[in-house]
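Asker: The chain contents come next:
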Amino acid sequence: MSEHVMPKKLYFLVFAALIALTLITTVVATIDLGPLNIVIALLIGMSKASLVVLFFMHLKWSTRLTRIVAVAALFWLAILITLTLSDYTTRRWTPNPGTWETSGSQ
Amino acid sequence: MSETAVETSPGVHYLNVKYGVKSWLLTTDHKRIALLYLVSITFFFMVGGISAVLMRLHLIEPRGALLEPATYNKMFSMHGIIMVFFFLIPSIPAVMGNFLVPIMIGARDVAFPRLNLLSWYIYILGGLFTLYAILAGGVDTGWTFYTPLSTTYANGQVMAAALGVFITGFSSILTGLNFIVTIHKMRVPGLTWFRLPLFLWAIYATSIIQVLGTPVVAIAIILVGLERLFHVGVFDPALGGDPILFQHLFWFYSHPAVYIMILPSMGVMSELVTCFSKKRIFGYSFVAYSSVAIAVISFLVWGHHMYVSGQSVYASLVFSALSFAVAIPSAIKVFNWTATLYRGSVSYQAPMLYAMGFIGLFTMGGLTGLFLASLATDIHLHDTYFVIAHFHYIMVGGALMGYLGGLHFWWPKMTGRLYPDGWARFAALVIFIGFNLTFMPQFVLGYLGMPRRYAVYPEEFQVLNVMSSAGASILGVGYLIPLVYFIWSMRYGPAAEANPWGAKGLEWQTSSPPPTENFEQAPTVTEEAYAYGAMEARVV
Amino acid sequence: MSEGHIIALAHQFEDLEQQREAASLGMWLFLATEIMFFGGLFTAYTVYRMMYLPGFDAGSHLLNIKLGALNTIVLLSSSLTMALAVRAAMLGKRRHLVTFLVLTMLLGLAFVGVKLTFEWHHEYVEHLAPGLDFDLNSPHAKGAELFFVFYFTMTGVHALHMIIGVAVMAVLTWQAIQGRFTPERYNPIEMAGLYWHFVDVVWIFLFPLLYLIGAHH
Chain A
1 MSEHVMPKKL
11 YFLVFAALIA
21 LTLITTVVAT
31 IDLGPLNIVI
41 ALLIGMSKAS
51 LVVLFFMHLK
61 WSTRLTRIVA
71 VAALFWLAIL
81 ITLTLSDYTT
91 RRWTPNPGTW
101 ETSGSQ
Chain B
1001 MSETAVETSP
1011 GVHYLNVKYG
1021 VKSWLLTTDH
1031 KRIALLYLVS
1041 ITFFFMVGGI
1051 SAVLMRLHLI
1061 EPRGALLEPA
1071 TYNKMFSMHG
1081 IIMVFFFLIP
1091 SIPAVMGNFL
1101 VPIMIGARDV
1111 AFPRLNLLSW
1121 YIYILGGLFT
1131 LYAILAGGVD
1141 TGWTFYTPLS
1151 TTYANGQVMA
1161 AALGVFITGF
1171 SSILTGLNFI
1181 VTIHKMRVPG
1191 LTWFRLPLFL
1201 WAIYATSIIQ
1211 VLGTPVVAIA
1221 IILVGLERLF
1231 HVGVFDPALG
1241 GDPILFQHLF
1251 WFYSHPAVYI
1261 MILPSMGVMS
1271 ELVTCFSKKR
1281 IFGYSFVAYS
1291 SVAIAVISFL
1301 VWGHHMYVSG
1311 QSVYASLVFS
1321 ALSFAVAIPS
1331 AIKVFNWTAT
1341 LYRGSVSYQA
1351 PMLYAMGFIG
1361 LFTMGGLTGL
1371 FLASLATDIH
1381 LHDTYFVIAH
1391 FHYIMVGGAL
1401 MGYLGGLHFW
1411 WPKMTGRLYP
1421 DGWARFAALV
1431 IFIGFNLTFM
1441 PQFVLGYLGM
1451 PRRYAVYPEE
1461 FQVLNVMSSA
1471 GASILGVGYL
1481 IPLVYFIWSM
1491 RYGPAAEANP
1501 WGAKGLEWQT
1511 SSPPPTENFE
1521 QAPTVTEEAY
1531 AYGAMEARVV
Chain C
2001 MSEGHIIALA
2011 HQFEDLEQQR
2021 EAASLGMWLF
2031 LATEIMFFGG
2041 LFTAYTVYRM
2051 MYLPGFDAGS
2061 HLLNIKLGAL
2071 NTIVLLSSSL
2081 TMALAVRAAM
2091 LGKRRHLVTF
2101 LVLTMLLGLA
2111 FVGVKLTFEW
2121 HHEYVEHLAP
2131 GLDFDLNSPH
2141 AKGAELFFVF
2151 YFTMTGVHAL
2161 HMIIGVAVMA
2171 VLTWQAIQGR
2181 FTPERYNPIE
2191 MAGLYWHFVD
2201 VVWIFLFPLL
2211 YLIGAHH
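Residue numbers (this note's numbering), protein chains in the order written: chain A, 1 to 106; chain B, 1001 to 1540; chain C, 2001 to 2217.
Just chain A, with the same shape it has in the complex (with noise of 0.2 Å):
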């Protein structure tokens, strides 16, 4: 439990980063980089999201405990993709022989 008060000036300035990485990444999206635009698409788009867990919701500050609830939850939206992608991937690895065609790419 954050019982400490921040002081506003460390609000702003996390709000202008906030603001400064929402124009970049606006910006870097509209060149075309190839694989690299959804790459840091999402570096930026994890950089944002930790300037607001961290200091917005004091994670910063906060009990082990709640970092370790927090780090759980990413962890099993990570195994969640992760093995659902491990299908996705590997599916066209072993043709199937004269049925449906599982990956579309109509």
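Be aware that a few hints might be false.
[As the list claims (entries may be wrong)] Short derived list, chain A residues pointing at chain C, Cβ under 10 Å: (1) K8; (2) Y11; (3) T22; (4) L23; (5) I31; (6) N37; (7) L42; (8) K48; (9) L59; (10) A70; (11) T90; (12) W93.
Calculated from the structure, these hints are not laboratory results.
It should be emphasised that the depicted structure is a prediction, and the values quoted were computed from it without experimental measurement.
By construction, the Cβ of each residue, glycine as well, lies at the ideal position given by its N, Cα and C atoms.
For chain A, the structure is supplied; the task is to place chains B and C on it using the hints.
Answerer: Only chains B and C this time, still in chain A's reference frame:
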């Protein structure tokens, strides 16, 4: 030490402190909420049981003896939905968890008592939607709601049933959330994590699954509803969707869900086995860690329900290996309970009979799971009665026996009454015999190739089916007996003292039934869990 | 809990510290469930994006990136005002607290307003609403329609969460006006703040995934 100074039947306790319907329907006392759940889940168990009875009656003839095939489909769907979502998942956490979690940690209530009551109302609301779905014609999609049947082709009450399940999921989430906070934040001084009764480790692990898994099936259901309403093609191949994606989202929750159903029973086992062999648990930390390990690994194996669905073979291999891993912590528990029994001062009251039944039947269910986890054998066994036998050995032979064992163990504490142990032991025996006669033949049927969810079957399977149905009728009778003597005991049972079993644990340090605030004075804990001395005299 | 009084210790807790810690843990656990809830949608989105990248690009390109960016800034601003509201509560500055809560609400309503009236309405009129009268002249129409399923579902679920958040803010504003919060007891503001910031974080990911992927065409 067993408390003998506490009066047999306290004057004012949580049951008689206030009378009237409002005092029950607006209660925030976790013990009363536990009883509200007890009544409602017993009701749903009977609804689910009736559909099972009708199915088994139907299956005594190869051409089907009782139902139209379309009705049969609705029967197995109703049986699955009710038993899974409205009986098994809430059962031990909502009844015994709600009653015992605060008491076992020396607290006055759970962290969020009003949220607790809200959880019950949400459960009831979900149940009402599902009952409506049944009465308005039923669903035939199975409890698994596979697409594209559920989204495109099914003509039954899919939306109502799905909505019922969706709503009830929130009851499960909120209960789990409440328990996690309660166990973390409200233990009395001296009660460190490794002094907790193992029942609480099990409830804690279960709560983790409830909190992290249930939201995903909620999304799966929302997407089914969207597709059914708007035909948007999320899971429809003709519109570009992938039906298997539904299965991923569904089983991501539903596999861990089966551990929601079994983990609390395992927790009960640790309590029963120690009390009725008057011995410390063998390997406390192994049992504790294995509960958490099961909760974590359970999220890594869901693809073993999808080996033949069109899932990538490579993903299936990964899921298969992980599924073998999840068996290990369960096996560790079975070894530890068995080692606890070894050289213990064993007594055979009804709770212990259920515990022993659990250990044997759960082991069989678990071992048969390995045949299904293994890719090659599952190709043959998938969607056969082998699967049905496997999960009924775990859910009925395991989870339900744990529920009944726990109910028999804590009944005196919850109600302040004793039930007739002779009848209880008899009922346990009838249930054990009926259960095995019902489900053992189904392993053979499945191996021989009889598919599940079929309303008709080839002639050569009739003998085994009749055996199974005969067993089911015995099992049904077995379940009715406790209903009778439990209700009888509420009025005519002898008063129970604070610690009729001579057990360790904070719940036995307070009166039967406990006062509303659980303890006259907040206890402090100075000893380990299950601090049974060597060969302690048995207190009856 | 009586009206107009500083809210007392609930009977199940030993002290206010325990009560606060329990509330905080409870809220973070609830947010964990929300991460998995939205996470299910993100997972489905990821799968279909992999399968239909051209269609998703085409669909994304049809969104109004300026409105999306504007809304992002609106939401980030509301997180700032929310954080300042919690700070004001901590310092016992009632007038500031009410002001910041009201600003947070207004910004939240502005977000929902822009989304529903300018974006959704426009997209519906342009026949981009799946299942209703989706009509897109493109070789990638199938993938684009799936994109719009996720667009409407994800922003819809998000908007629903925002509306609930605004309602909670309204209740808290009313309570704040009545002087219910003190530096010793302002926990509901802090908890509501956690929820509000979380909803903002979801949007931080929705914005690039929905609006920016097709932006370079």
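Asker: Against this structure, judge whether each hint is valid.
Answerer: Results of checking the hints against the structure:
1. K8: 7 Å, holds
2. Y11: OK, holds: Y11/A within 10 Å of chain C, min 5 Å.
3. T22: 5 Å, holds
4. L23: Given a least distance of 8 Å, the restraint on L23/A holds.
5. I31: 6 Å, holds
6. N37: Holds, because the Cβ-Cβ distance from N37/A to chain C comes to roughly 6 Å (cut-off 10 Å).
7. L42: 7 Å, holds
8. K48: 5 Å, holds
9. L59: 9 Å, holds
10. A70: Nearest chain C Cβ about 6 Å off; hint holds.
11. T90: With Cβ-Cβ at 12 Å, over 10 Å, it is violated.
12. W93: Status violated, d = 15 Å.
Going down the numbered hints, you'll see the structure goes against 11, 12, while the others check out.
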